[in-house]
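*Asks:* Chain by chain, the residues run as shown.
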Amino acid sequence: MSTRTFDVIVIGSGSVGMPTALFLSQAGLRTAVFEGYPSPGQGANKAAIGGVRATHSDAAKIILGSESLHFFRTWQETYGTSLGWKKGGYLFPVYREEDEKTLRDLLPFQRSYNLDIRWIEPKGVADLVPGIREEGLLGGTWSPDDGQVSPLLANDAMFRTAEKAGCSFFFNEAVREIISRNGKVEGVQSKSGRTIAGAVIVAAGAKARQVLSPLALEVPVFPEIHEAGITSPMADFLSPLVVDMRPGRDGKTANFYFGQNAEGAVLFCYTPRHPHQGLTREGTSEFLPIFARRLLDLLPRMKNALVRRTWAGHYPMTPDGLPVLGRAPGFSGLFLAVGMCGQGFMLGPGVGKTLLHLVTERITPEDEKVLRALNPSRRFSKEHAEVLA
Amino acid sequence: MYRFTSHPILPPVEGKVVSFFFGDREYHGVEGEPLTSALIAQGIHVFGRHQKDHAPQGLFCANGQCSQCTVLADGLPVKGCMTPLRGGMRITPCVGYPKLPEENSGREVFSKVESLSLPCLIIGGGPAGLAAAAELGRAGIEGVLVDDRPALGGKLCLQTHKFFGSREACYAGRRGIHIAGLLEQEVEAIGRMHLWRNSPALGVFADKKVGILKDGKTYVLLEPEVLLVAAGAREKSLSFPGGDLPGIMGAGAFQTLVNRDRVLPGKRLFIVGGGNVGLIVAYHALQAGMEVVGLAEAAEVCGGYRVHEYKIRRLGVPIYTRHTILRAEGKDRVSRITVAALDERGGILSGSEKSFSVDTVLLALGLNPVNELYHAAKGYGMKVYAAGDAEEISEAGAAICGGRIQSVRIAGDFGQRVTEPSPWEGFLKDLKSKGKVKIEELSIPKDLQVYPVIRCDQEIPCNPCTEVCPVKGIRIGKGDLLGVPTFQGDRCTGCMKCVLVCPGLAITLVDQRGGDGKTCRVTLPWELPVEGLSVGKKVPTVDMKGNRIGEGTVKVVKAGTDSCRLITLEVPFEQREAVASIIPPAYRRVQEETTAGEKAGAVPEIVCRCERVTREEITALIRKGYRDMNSLKAALRVGMGACGGKTCEDLIKRLFREEGLDPAEISSFRQRPPLQEIPLGCLAGVGNIEETHAGTDPGKGTQA
Chain Y
274 MSTRTFDVIV IGSGSVGMPT ALFLSQAGLR TAVFEGYPSP GQGANKAAIG
324 GVRATHSDAA KIILGSESLH FFRTWQETYG TSLGWKKGGY LFPVYREEDE
374 KTLRDLLPFQ RSYNLDIRWI EPKGVADLVP GIREEGLLGG TWSPDDGQVS
424 PLLANDAMFR TAEKAGCSFF FNEAVREIIS RNGKVEGVQS KSGRTIAGAV
474 IVAAGAKARQ VLSPLALEVP VFPEIHEAGI TSPMADFLSP LVVDMRPGRD
524 GKTANFYFGQ NAEGAVLFCY TPRHPHQGLT REGTSEFLPI FARRLLDLLP
574 RMKNALVRRT WAGHYPMTPD GLPVLGRAPG FSGLFLAVGM CGQGFMLGPG
624 VGKTLLHLVT ERITPEDEKV LRALNPSRRF SKEHAEVLA
Chain G
-14 MYRFTSHPIL PPVEGKVVSF FFGDREYHGV EGEPLTSALI AQGIHVFGRH
36 QKDHAPQGLF CANGQCSQCT VLADGLPVKG CMTPLRGGMR ITPCVGYPKL
86 PEENSGREVF SKVESLSLPC LIIGGGPAGL AAAAELGRAG IEGVLVDDRP
136 ALGGKLCLQT HKFFGSREAC YAGRRGIHIA GLLEQEVEAI GRMHLWRNSP
186 ALGVFADKKV GILKDGKTYV LLEPEVLLVA AGAREKSLSF PGGDLPGIMG
236 AGAFQTLVNR DRVLPGKRLF IVGGGNVGLI VAYHALQAGM EVVGLAEAAE
286 VCGGYRVHEY KIRRLGVPIY TRHTILRAEG KDRVSRITVA ALDERGGILS
336 GSEKSFSVDT VLLALGLNPV NELYHAAKGY GMKVYAAGDA EEISEAGAAI
386 CGGRIQSVRI AGDFGQRVTE PSPWEGFLKD LKSKGKVKIE ELSIPKDLQV
436 YPVIRCDQEI PCNPCTEVCP VKGIRIGKGD LLGVPTFQGD RCTGCMKCVL
486 VCPGLAITLV DQRGGDGKTC RVTLPWELPV EGLSVGKKVP TVDMKGNRIG
536 EGTVKVVKAG TDSCRLITLE VPFEQREAVA SIIPPAYRRV QEETTAGEKA
586 GAVPEIVCRC ERVTREEITA LIRKGYRDMN SLKAALRVGM GACGGKTCED
636 LIKRLFREEG LDPAEISSFR QRPPLQEIPL GCLAGVGNIE ETHAGTDPGK
686 GTQA
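Those sequence lines, one after another, are chains Y and G.
Residue numbers for the first sequence follow the working numbering, so the first one is 274 and each next one is one higher.
Residue numbers for the second sequence follow the working numbering, so the first one is -14 and each next one is one higher.
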């Protein structure tokens, strides 16, 4: 059993852990990443469909999302490799007056953060989504600067870059215990021994509660199971990522969303109305028929698209639908970046930047805003749940 | 035209000739045959171009697994090997990504996906699944058997040769195509088991339901109390530079083309792999009139049964043991391959390269069980069994027996009294025997005028000769199946039944009656064309292993049973027991072209065919420290194509081994549903989904 010493330990190499580790090691901090899987990004990261937007309805998420969007958008010019970035925006087609009101009411707030998001008329929606059902279509909001990235390529590219920057990765090494003395975190224990560091960042996604429970630290993060799928690739026909906010007539779905990625495949997902909680990643027989019905109701031409694969991933949910980010209450040197509520991939780089500032004690006014809103010690109230979760 | 009309075993194809378009040109094909067969019959081998590098895409699996044969049929992307030809169809090569049709036909008619509970579901209508269905039916258990093909029988439908095994347990001594029919009749006669042809199983889900695409168009969820997975096997692959060229395909794909659709992929064939599949497929190619340029086997000796090897040796097929294929070359289609000898450590022996002009290469490298549905179902806590190749790779006879055994267990689950051990267990143990014991001295009957010469020199589990002998003169030493048969009777009626029934073509009949002491009549079995074998013709004779003996005169050519012919020769008396067969008149020996030392251009070695990922790219990442199939997938897209890594997983693991790593330590791909791509319209029960997605119905009897 050996003892190693680092400046920072990151638990998890997924949507949040990987960019965090990248920024820390690029800033010259000796960084170690502990991952229970044999390789990076094998938790919820690879299950993400890769939508990236800044146009949220919550200020903290707008800030984090904008940072992430900038990071993904500029990756190729900075590092030369492709992340499968596709700038097609997010489109929310609207068929119900209440949805029109919700979205329109948000526009001034979103625009106050310099986000390009606009209301477009039905014709504009139909131009962006050729073949969309026009009957009853009232219009929609479109945010052309948002886009899509391949979570697989992104995680792999960040991994390679972090390694080059000197980051150490320990795979097949789930953290068994976070070591602390008198409320001060000293490192972690894993199968190969003890690793010492003054700062430990928990970015364990769906497994946050397991990692923190030995410290008797309760975080209200409950993984919900969401299923997703992908079609075989097709010639480019759809530029935006489309979100249909309506609940399904099936009684089982809330919203659903889909988009054609840079490879030509359509990725898709729906939000179950009564989601199952747990850590399983197995799919149910309901998913495909329910999704197919919803999609074809909206975009009938998709009937001939071929479903290639389906999978399930986790939405680590919090009661108010907002992430948990900041110093862990009652411990010094322990930082939490968990409960991303299914948006870990699109928020990850922003969260990573904030964590870098937090660990190195160089907080910006924007960080402060974010940290206040996402404070782990906040009262998690359902009333504050976000409109565009 | 690459269609053949006459075949020594298979009945002629009957089907309506229809016209279709490929690109701008009009062609004719047989209605209902798969598009790929219709195209290959016209000499068209390139069905599209890959979006990544514009590489030509041709037939590879012919089994709906790999998607390399994707074409556009009336505007829709379909797998050519699974899509039936219709008159007037417009087929377009799939160049790059296909376009999603724009049509918007107004409000669709949706129907709810049906969910049915049932006692038993059998996935796979091959030998194991059909045998199980018959036994379950006998036990009074109801259920559904689903199969992805229009004709039941699985790979038996592609086998023109006779099978080893037990007469009683698995219809031994009959041809695969006939066994398929017999099993199907057995199931139909009993009833109770509904047979859903053309209905692939697409996945098992956590809620213990199985998704089936019924009749190739209606998605149905079945919830069985007991599931039996008898989904058969898929072929192992091999990567080598140029190995992705059209014309290089799995042995099963070849059998499908030739023995089911009567279409020849070319004229000159080379086979990689000397197991039973490789040896048999060589024989099938010869039956169909192709030239078999050679067969390479990496081991010291061929792994298949000796009698299968002798069949092709007698017909002059050169077998290169301790050889492997180095590369294939050609523009848009393989035109030349190079093989080389292997040294003691499995490396290439330099200077041993030999090249051959070929237009077809078959990969016959063994089989892997199709068992992902079994493992998924087990993981979800379903009551599930596996039988046949899905349980363990073996011969069809063992699969039949295994299916019957599992059905006895399933009957037990339904509360029926079960005799333990099942009478089939003993058969199965013998049938799984690999014929390890070989015999070098044959026993020949003495003091008889008429007698069979039995050249069975390996303990193959097989007994038809003992069962057909009217005087019960042929006996097997050990038990009922193992051991080699010898003639121990005190007389032989000369009925020829043993000559005709032997799957190894290892029995001839010597008849000294009426001879002058200088010559003797020998009758041998014949399953090849008889052109040129007229009475009075002198033909070269060979021993069992193909060594030249002398000459014989054809005296009689007559039809026997089961499409096997009998040729009676007059040969010199002293050669009567040595002569096992003849070299047919049309035959010419293959000449190899030695090209030792010749420099080949750089040809990429594609490992992941779907995403066109090379060995170089994968090895580079392994050297960088990648230790997980999933991380290779993230970085390179290996396994993300239509086949889901079913073809490349083994190949990638081999690359790990080459880098000195233990493949057992490398986590595998996870097969997730659907196992085959399915149109979203089928999942939503859309009323007017294009018929092109329905499966093939070649409209041909596979029974004699």
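None of these hints come from the bench; they were simulated from the model.
The reader is advised that the hints may include incorrect statements.
Stated by the list, open to error - Label-pair restraints from in silico Cβ distances: (1) SER652/G with GLY353/Y: 14 to 22 angstroms; (2) GLU602/G with ARG391/Y: 54 to 62 angstroms; (3) GLY366/G with GLN483/Y: 56 to 64 angstroms; (4) LYS609/G with GLN483/Y: 41 to 49 angstroms; (5) GLU(-1)/G with GLY409/Y: 48 to 56 angstroms; (6) GLY81/G with ARG635/Y: 30 to 38 angstroms; (7) GLN483/Y with ALA649/G: 22 to 30 angstroms.
To be verified - Only some residues are given here: those of chain Y computed to face chain G with a beta carbon under 8 angstroms: (8) PRO313; (9) GLN315; (10) GLY357; (11) LYS360; (12) GLY397; (13) LEU401; (14) LEU425; (15) ALA438; (16) PHE443; (17) MET507; (18) ALA508; (19) SER512; (20) ALA535; (21) PRO562; (22) ARG566.
Keep in mind the model is a prediction, meaning the values are calculated, not measured.
Using N, Cα and C, we set each Cβ at its ideal position, and we do this for glycine too.
*Asks:* Each hint needs a verdict: does it hold in this structure or not?
*Replies:* Hint by hint, here is what the structure shows:
no.	hint	verdict
1	SER652/G with GLY353/Y: 14 to 22 angstroms	violated, 29 angstroms
2	GLU602/G with ARG391/Y: 54 to 62 angstroms	violated, 43 angstroms
3	GLY366/G with GLN483/Y: 56 to 64 angstroms	violated, 23 angstroms
4	LYS609/G with GLN483/Y: 41 to 49 angstroms	violated, 31 angstroms
5	GLU(-1)/G with GLY409/Y: 48 to 56 angstroms	holds, 53 angstroms
6	GLY81/G with ARG635/Y: 30 to 38 angstroms	violated, 49 angstroms
7	GLN483/Y with ALA649/G: 22 to 30 angstroms	holds, 28 angstroms
8	PRO313	holds, 7 angstroms
9	GLN315	holds, 6 angstroms
10	GLY357	violated, 10 angstroms
11	LYS360	violated, 19 angstroms
12	GLY397	violated, 18 angstroms
13	LEU401	violated, 15 angstroms
14	LEU425	holds, 4 angstroms
15	ALA438	violated, 15 angstroms
16	PHE443	violated, 12 angstroms
17	MET507	holds, 5 angstroms
18	ALA508	holds, 5 angstroms
19	SER512	violated, 14 angstroms
20	ALA535	violated, 12 angstroms
21	PRO562	holds, 4 angstroms
22	ARG566	holds, 4 angstroms
Consistency note: the structure conflicts with the earlier hints numbered 1, 2, 3, 4, 6, 10, 11, 12, 13, 15, 16, 19 and 20.
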